[in-house]
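Asker: Given chain A, work out where chain B should sit, using these hints.
Chains as they are written, first to last, in the numbering used here: chain A, 16 to 489; chain B, 2 to 341.
A portion of the hints provided could be inaccurate.
To be verified - 30 Å max Cα-Cα, derived DSS-like pairs, lysine-lysine:
#1 140/A x 43/B
#2 333/B x 140/A
#3 44/B x 140/A
#4 305/A x 43/B
#5 454/A x 62/A
#6 333/B x 44/B
No lab work stands behind these hints: they were computed from the structure.
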Amino acid sequence: MQDFLGLDAVTLARIQFGFTVSFHFIFPSFTIGLASYLAVLNALWLKTRDETYLRLFRYWVKIFAIVFAMGVVSGIVMSYQFGTNWSVFSDKAGPVIGPLMAYEVLTAFFLEAGFLGIMLFGRSKVGEGLHMFATAMVAVGTAISATWILSVNSWMQTPQGFTIGENGQYLPADWMQIIFNPSFPYRLAHALTASYLTTALVVGGVGAWHLLRGRSRNTGVRVMFSMAMWMAAVVAPLQIFIGDQHGLNTLEHQPMKVAAMEGHFESHPDGAPLILFGLPDQDAQTVRYKIEVPKLSSLILTHSWDGALSGLDAVPRDQQPPVAIVFWSFRIMVGLGFLMMGVGLWSLWARWRGTLYDARWLHRLAVVMGPSGFVAVIAGWITTEVGRQPWVIYGHLATADSHSPLDAAAVGTSLIAFVVVYFLLFGSGVAYILRLMSKPPEPREARLKDGAGPMHAAGLGAVHGESSERGTAQ
Amino acid sequence: MIDMLTDLTVIWALLLALSVFIYVVLDGFDLGIGILYPLFPKKKDRDLLMNAVAPVWDGNETWLVLGGGGLMAAFPLAYAVLLPALYPPIIIMLLALVFRGVAFEFRWRASSAFTRRAWDASFFWGSLLAALMQGITLGALLQGIRVEGRAYAGGWWDWLTPFTLLTGVAVACGYALLGTCYLNWKIEGDIQTRVRHLARRLGVATMAFIVAVSLATPFLAGEYYLRWFTWPSMLVAAPVPILLGLIALGFARSLFAQGRDWLPFLLALAMFALCFLGLGLSIWPNVIPPSITIWDAASPHSSQVFMLWGAGIMLPIILGYTAYAYYVFRGKLDPEEGYH
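One chain only, chain A, in its complex shape (with noise of 0.2 Å):
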């Protein structure tokens, strides 16, 4: 097979794949917390009747159409790339996990785009009521559509419940076994707490921006950084832990992966120590200038200073995941987690001094941190993805016999048509975002202010006696 600028077929569609799911997966990250934070706010107007929360509801809004908009592009794309460049794979796990995926659909992403439009442009026309329940429905569309993909990638980390058929297909045998293979639970609770605090540095930062341009007074701004550092404060440590108990969920069943984020080359039966940093080298399979910490890493891992740990010597060298790219990600993941910790904690100590919204060092750490969430998302799944290689169902299918009959010149041209409208087309869009992000949130928040187009809420304006607001749909 020819290559396509150097680099062959399955190493293309490997590239296509990782690109385009990633960025998909900036927008469900964001879009799952900021769906629930809106119902959160749209319940708290309807109970407290604090014109903020409306106030709070209407800017977030805005915002979340377009990220949610971008999200089911770039979704209905990752519904197709299965089977246009993984053909093969799709053929042999079609059997399993098609049906999860089509149950994905048929309970999440239609409950979400059934109930968008009402959400966006409802409230006045099927009253305060429907509309809360839309919203709702919203948020937990995000969260059922999570679970299932979460159990889909879990069960291709952790396969279960299977027969394998005499045409290579993998045959269910066991739906609850598949379903709730090992790693889910574990998997599921990490990336949904990350989505969550991802929202919550999203929503601090944009608050703490304006705490800086001088405008504490703006309740809105001081309710949006207030909840923002309320749930970075609870949920970053919460996520430190989850992730440890999914770190030894991985070590049991994927052993090899946890070697290559530890940078164990050599196993270690009497205690192995933790690698602070240093430069992974996989050709002399050892770890040059490593800064570390003797039996640290067995403490951490197995709770025992003394507790045996394999390296990735134990297996042959053609089947140990790249170790510098999932030693890096997993450290870039680790550090910015305790980074977040550090910025809810300082908010506590901020608050308990009643300092919160003059602290000007904490606002300044938390426009800084605003994107953090989106880069440890994406730096997570780099662990966990490039971890398991090289299996792409683990210990039984190899990512080198999952793709599609396609010459790489194919591959390699969609890449760049992915790359480059991409870029281009949600370029744009994070542009846009921004620029709603740095206006703070008004008091009449659902009239134009820039003329650049109506807003989604344009039906409360009847509610509110704003009939003004309409004019500017021309």
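Answerer: Using the frame of chain A, we list chain B on its own:
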């Protein structure tokens, strides 16, 4: 017959065909409205056109995800053969859908007339290319796909022939027709008169394309010819074109009559349904002509049963709240309101 109805493979083929059909008509009018954009150059008209579908477009496209996911789940072999075989048109379709999908949001955020026009263009070209590629996909499927073992064995350009170009343009034309009929239902005044005129012309063009595709199809492969022109299968097949002709007449009348603005849309849906039925009769019981039947490609029994529970419970609920969402945004669109 009874055996067939208890055969899960047949049930799944019918369910999948149903979801593809729902996708085609829902996203059909949705894409069709995008295709009509060049004919409505004024910003005010374009705002109205887009707002006619803004609350429902992503629900419409979800049926495409169900089509992809459902095909992988119920007929994994078909999914694994079809997508590599149609690699270029599928990739182009997906990218086109990205272009048009983001336009729904970005168009309202554009800060200058230039960028707004850029998103208008993105909406139009995305809609048009997606429709063309779907039509080409249909044509490529009809003309047959070469398979060896469990994989596609044809060339990279097999999907591009005069016949597939014909089906591509035919589908785009049909979508534009659905778009005008939907707008005729949802919009009033001046612009409604214009879409009505357009609908008449597009109706004639669509009928011409249907005749052309119908005449070309039986001669693509021996099987199709036998099905449509020999006894007794003719008995099943013949009513389809006859009914289609009658409905086309009713459609033409409804466009000239006043009132009942929903009727042309309903009759256009009926025309699409009959075309879809005709296509189904042609390829049955293949899922990928000429060599893969639905039974060759079907998932194992346990997958079919597991999914049937989900589909049986969820599809009626989905249809229920989808209908409700359309009901909420019922009636003529108020050009002064605008959802955005």
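Asker: Next step is simple, just say for each hint if it's right about the structure.
Answerer: For each hint, the structure was consulted:
1. 140/A x 43/B: Cα-Cα ~28 Å, so holds.
2. 333/B x 140/A: Holds, because 14 Å separates the two Cα atoms, which is no more than 30 Å.
3. 44/B x 140/A: holds (26 Å)
4. 305/A x 43/B: violated (65 Å)
5. 454/A x 62/A: Satisfied, since the Cα-Cα distance of roughly 27 Å is no more than 30 Å.
6. 333/B x 44/B: Given pair residue 333/B, residue 44/B holds - Cα atoms ~19 Å apart, limit 30 Å.
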